[in-house]
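**Q** Sequences listed follow chains A and B, in order. Under the working numbering, residues 1 to 408 are what the first sequence spells out, in order. Under the working numbering, residues 409 to 645 are what the second sequence spells out, in order.
Hints listed in this document are in silico derivations from the structure and should not be mistaken for laboratory results. There is no bait here: all hints are sound.
Lysine-lysine pairs mimicking DSS-like chemistry, simulated, CA-CA at most 25 Å apart:
1) A/K251 to A/K240
2) A/K311 to A/K399
3) A/K399 to B/K502
4) B/K502 to A/K311
No experiment lies behind these values; they were computed from the predicted model shown.
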Amino acid sequence: MLGTLTLLFNLSLRNIVRYRRRNFFLFAAIAVAVGGTTLSNSLIRGWQVDMLETAVSGLSGHIKMQAPGFADDPSLQRAFSASTNVVLDDQLPVAGIAKRINLPAVISSERETRGVAMIGIDPADEAISLYRDFEVSGETLAGPDDGRLLIGKALAETLQTKIGRRVVMIVEGADGKSRERGYRIAGVFDSPTNWPEEALVFTGLQALQDTLATVGLDNPITELSVVLVSDEDRPSAAEKLRDQHPQLVVKDWRQMQPQIAEIVDVVDATMVIWFILIMSALTFGLVNTLIATVMQRTQELGMLRALGMNKQLLLIQVVMECVGIMVVGVIAGLMLGVLLVFGLGEGIDLSAFSESAEAFGMSTFLKPVLTVEDLLLFGGLSMLVGLFASFFPARRALKISPLMAMNR
Amino acid sequence: MSDNTASDTPVVYCQDVQRIYQQESVPVYALRGANLTITAGEFVSLAGPSGSGKSTLLNVIGGLDGFDAGEVTVGGTSLGALNASELAQMRLEKVGFVFQAYNLIPVLSARENVEFILQLQGVSSQERQERANSALQSLGLGDLGDRRPGELSGGQQQRVAIARAIVTEPVLLLADEPTANLDSKTTSELLEVLQQLNQQQGMTIVTATHDPIVMSYTSRQVAMMDGEIHQDSAMAS
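Given only the sequences and the hints, what does the whole structure look like? Please build it.
**A** Rendered as structure tokens:
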């Protein structure tokens with residue numbers, strides 16, 4: 001049987017070469033379809049990865065721990081101690097953690113007043129958050145004890161203030177009373193997305209604790225953000241943290257940003273559906289050409305039947321030819337797709353559509369992402385399409401009677 | 409097949425064979441109760457005008473076409489009870505075909521064309537090569553084994569087709585108008601080849617033709633008319 005299959009394989013290969021001109025166009029059509037879809041899907045995958053990164057880096061991390069009730073009523077009265085209440089297992093696959101005080105506040109300049117989130121941070125911990133992507137004019141925060149402010153460029157424009165000027169922050173203290181204090185602006189940050197520039201104000205964590213903390217806690221914070229090595233570790237890590245910290249609320253980014261989570265889920269299905277749609281359109285052309293190929297060789301195929309080749313072997317031969325064409329076309333298409341993705345380099349600048357991009361949780365730069373899993377998926381799906389397409393010419397070939405070889 | 413004389417063993421036995429085609433629900437009788445017995449070592453021509461049923465009878469004997477009534481036996485196998493797959497196997501094992509249009513596989517060399525059918529039979533690689541070379545050699549094609557059909561003349565292609573038909577040592581060689589596409593010189597050469605196969609190797613050959621030259625090379629002439637055996641030289645003698 002192996003010898004017969006080898007014979008059929010050789011015969012199929014030679015038939016593919018025999019009709020090289022027609023098959024070249026077939027290969028080209030398949031390659032362009034697969035290559036184009038690979039590129040478009042890599043952009044979709046890039047969008048998904050970007051959304052996920054934006055969701056994770058936007059202060060929430062993969063997992064965020066807060067005191068019960070803080071989400072509904074964010075105040076320092078619902079703080080917890082980073083020193084005594086939090087124990088992080090060494091076994092957790094953690095890329096980094098950030099302890100913060102994150103409270104609603106009012107910022108006022110001489111001319112304008114705005115509601116913002118005042119965030120006390122240790123700058124050294126924020127390499128895991130959007131803080132790392134800020135382009136800062138002036139000075140960054142020197143450390144957790146730095147009592148100056150870092151505000152967004154958009155906010156600075158709204159407040160009509162600038163680096164070195166003083167602004168007033170009003171924040172509710174641990175006793176429920178408002179604290180009002182003047183701060184000097186150390187620097188102004190420019191963010192890839194607009195909302196942090198408008199809504200976030202940073203200062204040193206320790207400095208803010210010193211200003212607000214009268215709750216009797218050691219190292220009080222309102223949130224602890226955990227970024228894991230991989231999002232795949234999230235469910236188990238969240239479960240573990242919940243077990244270890246029953247006194248805290250442990251939420252992952254999917255719970256905190258369910259809309260983004262849903263979009264991320266839909267993207268996976270979208271990629272497969274998009275690929276199938278494109279390949280289905282291609283299949284019509286493919287089936288038509290392959291059937292024409294079989295019809296063109298009616299006498300030859302009839303002769304094979306006349307000589308004693310049974311239907312199964314004839315079926316295998318036709319399927320081998322169709323699949324052979326698909327294999328070459330798909331491999332060329334995947335290579336083309338990879339080249340196109342690399343050709344796109346750093347990605348597509350969407351800054352002209354920054355507001356729309358933000359609405360979809362995207363940054364203003366769309367970078368294609370191509371994974372080995374996606375390439376294997378596209379390759380596998382293409383081969384399934386090829387097998388499906390080969391069914392029709394194979395069925396037509398089986399209808400060819402050996403008499404046709406005699407009568408022509 | 410070394411016996412060069414005809415024996416009484418029936419290689420082909422046709423009894424009251426009918427073949428009816430439906431043309432727009434009108435029955436057309438291609439064979440009307442044909443009776444024919446061919447014994448081993450005979451070289452038979454089936455002759456007759458177009459529509460006489462000679463090609464239909466040849467196809468029925470070769471298991472390429474079915475029949476609606478009667479009995480057909482080839483090499484001891486009754487064809488009436490065989491399904492398509494069994495008929496294919498019967499053709500592979502017992503019948504060699506030579507077609508009017510040569511019908512070689514264009515992407516294979518002459519040697520590969522001859523080997524092809526042996527490969528379908530599951531013959532080992534070494535034996536395949538030996539038998540294919542021997543068959544080509546016997547037909548004067550020893551030097552042309554590596555050429556593809558497109559690089560051979562019509563006569564050479566038909567010789568390759570004969571080599572392919574005889575390499576399996578079939579009990580019966582069927583040739584449908586084998587010389588129709590050849591010039592008179594090549595026709596004579598080819599007929600001599602067939603005659604040698606018949607006389608020297610005892611190969612049983614049946615050929616459908618309307619060419620008197622072909623009939624002159626055969627040992628038995630069967631004339632057909634309107635789907636029936638009209639005249640049979642064996643009966644006449």
